[in-house]
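> This is what each chain is made of:
There are 2 protein chains.
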Amino acid sequence: MVKKVLKFGGTSVGTSKRIRHVADIIKQEHTAGNKIIVIVSAMAGKTNELIKLSSEISGEFDKRELDVLLSTGEQVTCALLAGALVKLNFKAKSWLNWQIPILTEGDHTNARIVNINIEKINKYLDEGGIAVLPGFQGISKNGDITTIGRGGSDATAVAVAKIFNADSCEIYTDVDGVFSTDPNKIPVAKKIDKISFDEMLELSSLGAKVMQPSAVQTAMIYNIPLEVKSTFSERKGTKILSQENIDYTKSVTGVAYSKDDAKITVVGVEDRPGVAANIFEPLSKAQINVDMVIQNISSDQKTTDITFTVKREDVIKTKKILIEDSGLNHDEILTNDKVAKISIVGAGMVSTPGVTYKMFRGLSDERINILAISTSEIKLSVIIEEEKTLKAIKKLHTIFDLD
Amino acid sequence: MVKKVLKFGGTSVGTSKRIRHVADIIKQEHTAGNKIIVIVSAMAGKTNELIKLSSEISGEFDKRELDVLLSTGEQVTCALLAGALVKLNFKAKSWLNWQIPILTEGDHTNARIVNINIEKINKYLDEGGIAVLPGFQGISKNGDITTIGRGGSDATAVAVAKIFNADSCEIYTDVDGVFSTDPNKIPVAKKIDKISFDEMLELSSLGAKVMQPSAVQTAMIYNIPLEVKSTFSERKGTKILSQENIDYTKSVTGVAYSKDDAKITVVGVEDRPGVAANIFEPLSKAQINVDMVIQNISSDQKTTDITFTVKREDVIKTKKILIEDSGLNHDEILTNDKVAKISIVGAGMVSTPGVTYKMFRGLSDERINILAISTSEIKLSVIIEEEKTLKAIKKLHTIFDLD
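Quick note, the sequences are listed as chains A and B, same order.
Those letters in the first sequence? Residues 1144 to 1546, by this note's numbering.
Those letters in the second sequence? Residues 1144 to 1546, by this note's numbering.
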């Protein structure tokens, strides 16, 4: 008998009709002889609706009460889905965060799951029951309701799979799986059958919104195989596994892009030790995340230009800090937020020589200027002008055999 | 220092703006030096919205899950109101049914409160905190969420007032208080300053929807003074007290009406012992509530006509039972659902002779035919043709000095 964790996202449970459909999927899995724990998100749009209400009350709504408020979203879905399963004559019930309990630590709206009591639910599964649990939430040691951040239902699913020692964890969503690039922009994008945790992490942190990165990370640490699949089709999804379970035939698995970066260049700073620290220390203190950094040697050997990227929303704050707090001499600060980050991701890159060259050559052939470069073992990112995004993705998708 | 229970109904907390207004009312009460426990309903319309969702899943939605579903309504209001109070710099927080806990007994969707733990909340009040509690719900001995029926937030308020030994219990609603008759139909209707529990019970069971009858009953049993007042005006409300605290200057306190009755006449039944039992036993078994009963002596001394009233929704069922299950010989069954029940209510009636005569004379003067009569110590009800409802109320309102 196989123990499965099935997680259904907000779109999958967005209407009563869809909830009935989800009940049918669970019915098949249960009838096939599996033990089933279900994790649900709030119905699509509900969390935003509740956040809107709270913001009408206060711009800085009390975080303890925000958690009490938001946790109702998943509670509603739990009850409706459990009711839909009972209607199909299954033994099923909702288990709320405090009834289990799901114990968390950390601040309100940003807690993390530290333990889940398995005894009662395991007994219920043994009796043939289907347990429906709310994602995204738990309770603190004091018995207050806590939430674990947007997209936290993925994290709940992975934590439940780990703590219940489940055989698999299936993430049902509104897309067929993970694609080689954004299928909405590039029609030739292909669904990936298998992808490693590392690659998935790089892709999701680069803007592929299929799964929440910290959930993938937890799955990677505990080696919990995941499967991302569509609630609305019978097609196979994407399996997310550890690298050793994947045969790499291609050097690059996918092409990702994000448009929330901006490039900042500090022109004409003194070229002496400690300058970079002067720039990045106050930014770090202000919680500004610096992504790529490039420093060129200057022609006069006395001054240099330092270029780096931050999130677009941080540009104004960053410039202000550089001018007021860094104590830096410089000629000027240039900012450009009309840039995009394009990345190729692939665990096969390490063992394939020439990937970097091939990428640069491909972009050059399309007359796309590279403004910054950053590399990791399984990823190569470049910053380019935003308007060239589509052209770049298409080219890279083709030259790395992903079409 | 006075301990107050303040209950706010669904319309009073229907929007974020109104919730901010409710926070201002609470602010005044707390600043005046009172200890405050707040009970809230779900935002207007929310409970119906949730019921609609559940009925889209199943016509007979599982009752345990229905309670899990519906309880989110009050939880949302609790969080929003507590957040609004924190925003005003008060120490305030939401206390959910399981955090207190509010212990209930009985079936799902129809439980009753049997105990409330007062320790933690009393400590919180002593520290200057404002406790915001959800109405309408509790948990069972097994730790399942339960609800106590529509309008149950009134019952929660009264139970909390009783168990916390509060000095007063104020029911904030969208009307100014209890009126001598429906102010929407009869413009000369007057707000009643003081009314007894018994009178209030009669009025509310007769269709004045200001408070839930079982809550009034509990308040009567434990002698907890209530005040019904408007959230939206500064006007004084209606105090609901035990009779000995009221000086009656008028024999009649109010005129109520309801339009959900129907009259049924069984013509030509044998006039012998046991006939009435034959009629009403099967109705009682079918959970049909019979209100007034009239039996006339027939001219031939052998057969008689029996007239009684039931709820309109039960007419078809009643007729079917009479024909199929009562084993009764009769000539025919007449039904009339174009009737209204008009009642005069007043604790002063007992000590005032001639009230009955005055009522019948008044109706007769208006050429209104009385189809059935029912009396209690503080109430006198008649069934009349529905189209004469307004005329009857106006006349009675005038002759009993209520204008």
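Because the hints were derived from the structure by calculation, they are not lab data.
Any given hint might turn out to be false.
Which copy? The list can't say, so a pair holds if one copy fits it or any two copies do.
Stated by the list, open to error - DSS-like mimics (lysine-lysine), calculated; alpha carbons at most 25 angstroms apart, straight line:
| no. | residue 1 | residue 2 |
| --- | --- | --- |
| 1 | K1266 | K1234 |
| 2 | K1531 | K1333 |
| 3 | K1189 | K1460 |
| 4 | K1195 | K1230 |
| 5 | K1284 | K1263 |
| 6 | K1206 | K1266 |
| 7 | K1189 | K1206 |
| 8 | K1160 | K1189 |
| 9 | K1230 | K1206 |
| 10 | K1428 | K1234 |
| 11 | K1206 | K1263 |
| 12 | K1382 | K1428 |
| 13 | K1206 | K1305 |
| 14 | K1234 | K1352 |
| 15 | K1382 | K1534 |
| 16 | K1170 | K1462 |
| 17 | K1266 | K1534 |
| 18 | K1402 | K1501 |
| 19 | K1160 | K1537 |
| 20 | K1538 | K1333 |
| 21 | K1195 | K1234 |
| 22 | K1379 | K1305 |
| 23 | K1160 | K1206 |
> Next step is simple, just say for each hint if it's right about the structure.
Structure-based check of all given hints:
Taking the shortest alpha-carbon separations for K1266 and K1234, only the intra-copy value of 13 angstroms comes in at or below 25 angstroms, while the best inter-copy value is 41 angstroms. In the homo-oligomer, the alpha carbons of K1531 and K1333 lie at most 25 angstroms apart inside one protomer (21 angstroms), although the nearest pairing across protomers, at 74 angstroms, exceeds that limit. Taking CA atoms no more than 25 angstroms apart as the test, K1189 paired with K1460 passes in neither setting, with 32 angstroms inside one copy and 42 angstroms between copies. In the homo-oligomer, the alpha carbons of K1195 and K1230 lie at most 25 angstroms apart only across protomers (16 angstroms), although the nearest pairing inside one protomer, at 33 angstroms, exceeds that limit.
When the C-alpha separation of K1284 and K1263 is checked against a cutoff of 25 angstroms, the pair qualifies both within a copy, at 19 angstroms, and between copies, at 16 angstroms. For the homomeric pair K1206 and K1266, the shortest alpha-carbon distance between copies (22 angstroms) is at most 25 angstroms, but the shortest distance inside one copy (35 angstroms) is not. In this assembly of identical chains, the alpha carbons of K1189 and K1206 lie at most 25 angstroms apart whether taken from the same copy (18 angstroms) or from different copies (23 angstroms). Taking the closest pair of Cα atoms, K1160 and K1189 come within 25 angstroms of each other both inside a single copy (16 angstroms) and across two copies (19 angstroms).
In this assembly of identical chains, K1230 and K1206 lie within 25 angstroms of each other by CA distance solely across copies; the values are 11 angstroms between and 37 angstroms within a copy. Proximity of K1428 and K1234 under a CA criterion of 25 angstroms is satisfied in neither setting, with 53 angstroms inside one chain copy and 32 angstroms between copies. In this assembly of identical chains, K1206 and K1263 lie within 25 angstroms of each other by CA distance solely across copies; the values are 21 angstroms between and 30 angstroms within a copy. For the homomeric pair K1382 and K1428, neither the shortest alpha-carbon distance inside one copy (39 angstroms) nor that between copies (60 angstroms) is at most 25 angstroms.
Taking the shortest alpha-carbon separations for K1206 and K1305, neither the intra-copy value of 28 angstroms nor the inter-copy value of 32 angstroms comes in at or below 25 angstroms. Proximity of K1234 to K1352 under the C-alpha cut-off of 25 angstroms is found in neither arrangement, the shortest distances being 34 angstroms within a copy and 39 angstroms between copies. For the homomeric pair K1382 and K1534, neither the shortest alpha-carbon distance inside one copy (29 angstroms) nor that between copies (75 angstroms) is at most 25 angstroms. Taking the shortest alpha-carbon separations for K1170 and K1462, neither the intra-copy value of 56 angstroms nor the inter-copy value of 43 angstroms comes in at or below 25 angstroms.
Proximity of K1266 to K1534 under the C-alpha cut-off of 25 angstroms is found in neither arrangement, the shortest distances being 56 angstroms within a copy and 66 angstroms between copies. In this assembly of identical chains, the alpha carbons of K1402 and K1501 lie at most 25 angstroms apart only when taken from the same copy (23 angstroms versus 83 angstroms across copies). Proximity of K1160 to K1537 under the C-alpha cut-off of 25 angstroms is found in neither arrangement, the shortest distances being 38 angstroms within a copy and 50 angstroms between copies. Taking CA atoms no more than 25 angstroms apart as the test, K1538 paired with K1333 passes inside one copy only; the shortest distance there is 15 angstroms, against 80 angstroms between copies.
Proximity of K1195 to K1234 under the C-alpha cut-off of 25 angstroms is restricted to the inter-copy arrangement: shortest distance 23 angstroms between copies versus 36 angstroms within a copy. In this assembly of identical chains, the alpha carbons of K1379 and K1305 lie at most 25 angstroms apart only when taken from the same copy (23 angstroms versus 60 angstroms across copies). Taking CA atoms no more than 25 angstroms apart as the test, K1160 paired with K1206 passes between copies only; the shortest distance there is 20 angstroms, against 33 angstroms inside one copy.
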